[in-house]
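Enquirer: Order-wise, the sequence lines are chains V and G.
Reading the first sequence from the start, the letters are residues 66 to 452 in my numbering.
Reading the second sequence from the start, the letters are residues 84 to 368 in my numbering.
Keep in mind that a hint or two might mislead.
Said to hold, decoys possible - Only part of the chain G face toward chain V is listed, based on derived beta-carbon distances under 7 angstroms:
hint	residue
1	Ala121
2	Arg125
3	Gly145
4	Ala168
5	Pro301
6	Ile303
7	Gly338
8	Gly343
Simulated from the structure, these hints should not be mistaken for laboratory data.
Idealized CB from N, CA, C, for every residue including glycine.
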Amino acid sequence: MANGAAVGDRSTLSRPNLPALFAAIRAAGYAIVAPTVRDGAIVYGPVERVEDLPIGWTDRQDGGTYRLVRRDDAAVFGYNLGPTSWKRFLFPPHERLWTAERKEGSFTVTPEPTDTTRWAFFGMRACELAALDVTDTVFLKGAVADPTYRARRSRILRVAVQCGQAARTCFCTSMGTGPAVTGGADLILTEILLPGPHRFLVEVGSPAGAEVVDRFAESLSPAGPDDDRLARETVERTAGSMVRRMDPTGLRDLMAENLDHPRWEIVANRCLSCTNCTLVCPTCFCSTQEEVPDLDVRSVERWRRWDSCFNLGFTELHGASVRKSGLSRYRQWLTHKLGTWHDQFGTSGCVGCGRCISWCPVGIDLTEEVAAIRAAPRSSGVEARGR
Amino acid sequence: MLGDRTGSPGGASDVPLAPLPYQVRSVVRETPDTATVAVVPRGSRRIGPTRPGQFVMLYAFGIGESPIGVSDETDGVLYHTVRDAGRITHALTRLTPGDLLGVRGPYGHGWPMEAARGKDVVIVAGGLGLPPLRPALREILRDRDAYGRLEIVYGARTPKDLVYYAELQEWRRRADLRLQVTVDAAGRDWYGDVGVVTTRLPDARFDPERTVAFVCGPEIMMKFTAQALVGRGVPAESVWVSMERNMKCAIGLCGHCQFGPSFVCRDGPVLSYGELAPRLGVREL
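Next up, chain V with everything else stripped away, as it sits in the complex:
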């Protein structure tokens, strides 16, 4: 690789050489955030060493269930998605926007200094790259781009992993977002456990990825045709093993025409309005603002905090909420995610990651809700009434 790596180049990285990839990413100026085991789950957080990754762990997921389980091998990426999503590093759950101070009968506003951390998102799955596309559309392509998202987004390195297995909650094949990584990543890894030695196929996805590869080229060997085939088969096997499905055909209209469907009442009777689904969703973007004055209100801080359409106060107007019932709040979430998102952003808000299914304390499954509505749709939503 004397001339340097190019986009599309494939090589093989042996498992013992994985630390060289970490070192190369760091040498290129990035801090690594990656999956790691914490509090009984695989979450995304800053990591120092390869050993911080969830080596030999997997997760068992289903509606309302998430359990960590030991694998009988030492796979590095042998699990699926946990409760965190990468959005928290671009759109933090709680962030100060500015500080204002009274001065000579007026006030001055000082913006929060730009976060200049360059994060390498290590281990992004295909559906998460799709989610990144969605949040890019939301935060960057509207009338006003969100400056803090833009600043953080411009500095990331996306190291993707093609999934070697699917959780029972996964339905990316339905949403057309995975499990194959088809673009939007700087580096793409595929873990090959067998046959032969434990290794990774490394594909260069962008010039930024090529720059990283150039820094540890000596640790790589040219990918053989077998590795290409094995990587392809890994992804195909994963796709074939997916048990959940959601028919995405005409979802926008299905939602719009069924605002008065009796199913909303049934799901609302189960929904706790706990906001878990919106917190684990990689695309939910709602936020509120908080004013934090000091004791004598001489200076104030303005904070932005994640909010949720399931909170009663979310739609408060003159002391009363527009969406008082749990029914209206669940309906808002799902019809926005699958329906009006298309009107607003030209894309679905759902990427099929299944987090909202696992982390719903009562196991509400949006694929089931959609199927129930589709099975007996209302004729028209024009005369729709809420209940």
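Once you have looked at the hints, place chain G on chain V.
Expert: What follows is chain G alone, placed relative to chain V:
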């Protein structure tokens, strides 16, 4: 959609979502719980020019921000009529001349003034719906010959809830518009009309097919007014209503103001009844 429905996204401040310092020039108590606050920049920087029907975020220092319609802009002075309906608006209605506050904006799409030119204009206001309509009304009066007949129907809960009392008297005396004022309930000292605004609409004179209507007030009032206007033959696309929702950012990023596919802050607040009719029939949307 329409050429003159342009919005101004970011406000004048370099810091996103940061207000510019303004100060109160005067305060007029309109009703027991409502005040019109006139504000001017406290310093050299001001927000951009406002269009009829747009709103700003008014900031009570240390308390927070609230979306408030612009009820007039004259010679660089912004007027906002605020009702005491919560912590922030309570602070805003308690301001006195010289007090400091913050302003960012203007935001949203206002009344489609261009579409109203050459047409009869029907303006229907309910309660605090009159202030956001006043700039449209004033623009029409400034260029009166460019429009057809002008019918105004204004309803309030009681006579003491009427805002802009002196101005209403002035409009009542004009020959080039017709103003009907009605209240829901009144004592014996009120000799005017009693009843909801829709009861006054049959008396309004306009050519339905060549009419543009601007409606602002409580949602239920706007819905029935729009239905009555459409019933009189006004095309639903020519009836415009100004929606109100909870707002935190005013630039389409916080998600609070969604009404079906619309972000009220960015796509509205003024939207056509033709577009909204199906949604106004859905409870708790």
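Enquirer: Determine for every hint whether it applies to the structure shown.
Expert: Against the structure, the hints:
Against a cut-off of 7 angstroms between C-beta atoms, the interface hint on Ala121 (chain G) is violated, since the closest Cβ of chain V lies about 18 angstroms away. Given hint, Arg125 (chain G) at the interface with chain V, holds; its Cβ is 5 angstroms from that chain's nearest Cβ, closer than 7 angstroms. Hint status for Gly145 (chain G) relative to chain V: holds, with the closest Cβ pair at about 4 angstroms, below 7 angstroms. Nearest Cβ of chain V to the Cβ of Ala168 (chain G): about 4 angstroms, under the 7 angstroms cut. The hint holds.
Interface hint status for Pro301 (chain G): violated, as the beta-carbon distance to the closest one in chain V is roughly 10 angstroms, over 7 angstroms. Restraint check, Ile303 (chain G) versus chain V: the minimum CB separation of about 13 angstroms is more than 7 angstroms; hint violated. Hint on Gly338 (chain G) holds. Least Cβ distance to chain V is approximately 3 angstroms, under the 7 angstroms limit. Against a cut-off of 7 angstroms between C-beta atoms, the interface hint on Gly343 (chain G) holds, since the closest Cβ of chain V lies about 6 angstroms away.
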